[in-house]
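Chemist: The chain contents come next:
Protein chains: 2
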Amino acid sequence: MNSVRLVEVGARDGLQNEARSLSVDTRIALVERLADAGLRTIEAGAFVSPRWVPQMADSAAVLRGLGERHGVTYTALVPNLQGLDMALAAGCREVAVFAAASEAFSQKNINCSIAQSLKRFEPVLAKALEAGVAVRGYVSCVLGCPFSGAVPVPQVVAVTQALYAMGCYEVSLGDTIGTGTPGATTRLIQACADAVPLSALAGHFHDTYGMAVANVQAAWQAGVRVFDSSVSGLGGCPYSPGATGNVATEELVYLFEGQGIATGVDLAKLLEVAVFIDNRLQRTGESRVAKALRARPQ
Amino acid sequence: MNSVRLVEVGARDGLQNEARSLSVDTRIALVERLADAGLRTIEAGAFVSPRWVPQMADSAAVLRGLGERHGVTYTALVPNLQGLDMALAAGCREVAVFAAASEAFSQKNINCSIAQSLKRFEPVLAKALEAGVAVRGYVSCVLGCPFSGAVPVPQVVAVTQALYAMGCYEVSLGDTIGTGTPGATTRLIQACADAVPLSALAGHFHDTYGMAVANVQAAWQAGVRVFDSSVSGLGGCPYSPGATGNVATEELVYLFEGQGIATGVDLAKLLEVAVFIDNRLQRTGESRVAKALRARPQ
Numbered sequence: 001m002n003s004v005r006l007v008e009v010g011a012r013d014g015l016q017n018e019a020r021s022l023s024v025d026t027r028i029a030l031v032e033r034l035a036d037a038g039l040r041t042i043e044a045g046a047f048v049s050p051r052w053v054p055q056m057a058d059s060a061a062v063l064r065g066l067g068e069r070h071g072v073t074y075t076a077l078v079p080n081l082q083g084l085d086m087a088l089a090a091g092c093r094e095v096a097v098f099a100a101a102s103e104a105f106s107q108k109n110i111n112c113s114i115a116q117s118l119k120r121f122e123p124v125l126a127k128a129l130e131a132g133v134a135v136r137g138y139v140s141c142v143l144g145c146p147f148s149g150a151v152p153v154p155q156v157v158a159v160t161q162a163l164y165a166m167g168c169y170e171v172s173l174g175d176t177i178g179t180g181t182p183g184a185t186t187r188l189i190q191a192c193a194d195a196v197p198l199s200a201l202a203g204h205f206h207d208t209y210g211m212a213v214a215n216v217q218a219a220w221q222a223g224v225r226v227f228d229s230s231v232s233g234l235g236g237c238p239y240s241p242g243a244t245g246n247v248a249t250e251e252l253v254y255l256f257e258g259q260g261i262a263t264g265v266d267l268a269k270l271l272e273v274a275v276f277i278d279n280r281l282q283r284t285g286e287s288r289v290a291k292a293l294r295a296r297p298q
Numbered sequence: 001m002n003s004v005r006l007v008e009v010g011a012r013d014g015l016q017n018e019a020r021s022l023s024v025d026t027r028i029a030l031v032e033r034l035a036d037a038g039l040r041t042i043e044a045g046a047f048v049s050p051r052w053v054p055q056m057a058d059s060a061a062v063l064r065g066l067g068e069r070h071g072v073t074y075t076a077l078v079p080n081l082q083g084l085d086m087a088l089a090a091g092c093r094e095v096a097v098f099a100a101a102s103e104a105f106s107q108k109n110i111n112c113s114i115a116q117s118l119k120r121f122e123p124v125l126a127k128a129l130e131a132g133v134a135v136r137g138y139v140s141c142v143l144g145c146p147f148s149g150a151v152p153v154p155q156v157v158a159v160t161q162a163l164y165a166m167g168c169y170e171v172s173l174g175d176t177i178g179t180g181t182p183g184a185t186t187r188l189i190q191a192c193a194d195a196v197p198l199s200a201l202a203g204h205f206h207d208t209y210g211m212a213v214a215n216v217q218a219a220w221q222a223g224v225r226v227f228d229s230s231v232s233g234l235g236g237c238p239y240s241p242g243a244t245g246n247v248a249t250e251e252l253v254y255l256f257e258g259q260g261i262a263t264g265v266d267l268a269k270l271l272e273v274a275v276f277i278d279n280r281l282q283r284t285g286e287s288r289v290a291k292a293l294r295a296r297p298q
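So the protein sequences, as listed, match chains A and B.
The numbering of the first sequence is the UniProt record's numbering, which starts it at 1 and goes up by one.
The numbering of the second sequence is the UniProt record's numbering, which starts it at 1 and goes up by one.
Don't read these hints as lab results, they were simulated from the structure.
Any given hint could be a false lead.
[Said to hold, decoys possible] So the derived label-pair ranges between C-beta atoms look like this:
#1 A:257 to B:282: 34 to 42 Å
#2 B:272 to A:108: 54 to 62 Å
#3 A:104 to B:279: 33 to 41 Å
#4 A:152 to B:131: 53 to 61 Å
#5 A:67 to B:269: 53 to 61 Å
#6 B:197 to A:1: 31 to 39 Å
#7 A:111 to B:279: 30 to 38 Å
No residue lacks a Cβ here, since even glycine has one placed at the ideal position from N, Cα and C.
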């Protein structure tokens, strides 16, 4: 049977874009429940400044508080060596670094050029790999930038290739503002797959313009087998306040299982996780699958 | 340049599934504004019993009230000869008949078997064609039935073929409950295209499970060039109260134009139509494109 790996980013990429900050206990409960639902790679925190991202404060306590589970990997974002050291001290076995495909976005988001950011990641990668810790790379703005508009495909390929060459076992291509369409997605994946192995690529799509599921399908057809998503579509779009952000994990489970592609996720349990976290955040969920299954006459 | 034809069904399929009934004047204004936005085929009413579908009462007045426009076709649903006569009297140049691919749905929705419904449409088609009026056919439940679950592809093909053989110039394949996925969509279109010309097929997808845009893309890739949609996603899902129904026209305009496929629709004007009708219905729009474009910093 075909299968796909879903990387759950709700507890990091999702929560850091929600207005409310949650307690360490609630964040641990969220991650544990996601693992109970069958997710096997779960982003659980970020070692970034709590001044800039208060929602990710005390990520060390979250990571330390998670029990070991066979086959489950908890990951954390690290922007630099200091963040990596904190992640290592918290026992992380996998971390992620975050680059942009757009110069304008890199400057505004992490306050340096793309080249500078890659330079900064080199010692992070070296130290992490020496410690036996896997590193995942994110590339943002792969199908458009909120500041500079169109992003040339070769620029995405170059950043992807640099992260892979540096030792990232996987590079997640992020349509940060959700403006991509399936045709552009296909061309992007094909171009990146000329530079790095297809098996090292992941897709990270936002549903801001309702295109995420179609883009995921296009990337799947182009050979991508790993996708990022967020339970209940946690995390809005910081560049279009009030609009949708990460594609909901429920939608990807429905899309893939509906095509006979195993996700390993128990959709009923996932819907319970969505209710739990939406209640804590006092938000309305973004998943249409969840809405439809709840509305369906029993 | 590639192009696609969007059939706007918001003023019929949409409105008939909204709780509020609107005045004839508001319905005329909606249709006129949709034409202003560039839509060229617009469903404007249904000649059905106002006892069963109060939202479509006075469809004759709506159709009569619409001014002639070069290149724009206003259509109406007719369930039987009586409905056709009313449509002809109101000056309709195109009508639509409605069959189901599922026996259970046919019985519950139009109170007869599929075969009986096709039999009933024969004289409707004959009389319409004799009057020089084009007839479109709808087939519902093509990717699942709310009462009986899975619907065998050959059953959809048989109904599609029957409607085409009877004289429908186009058959619109409806995923009435939105449970289809892209793989199933591709297989369905391929099977139907073995029985009738691809150019006679249209896709009608509901976004109840968030799959509509991906399914439209799959159908496009399989060769379909006509799609039904509803401004602002008007019309919920009668089988999952509170869930999403028709895919929003905004999403299809974004999907196609984003891939260089002309729709002829002015998205900015369409967003104004959505605001107009959502205000009248006191509903929240379902289009993510609309939400994102409104939220985007100017």
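Chemist: Hints the structure violates: just list their numbers, smallest first.
Modeler: 2 and 7
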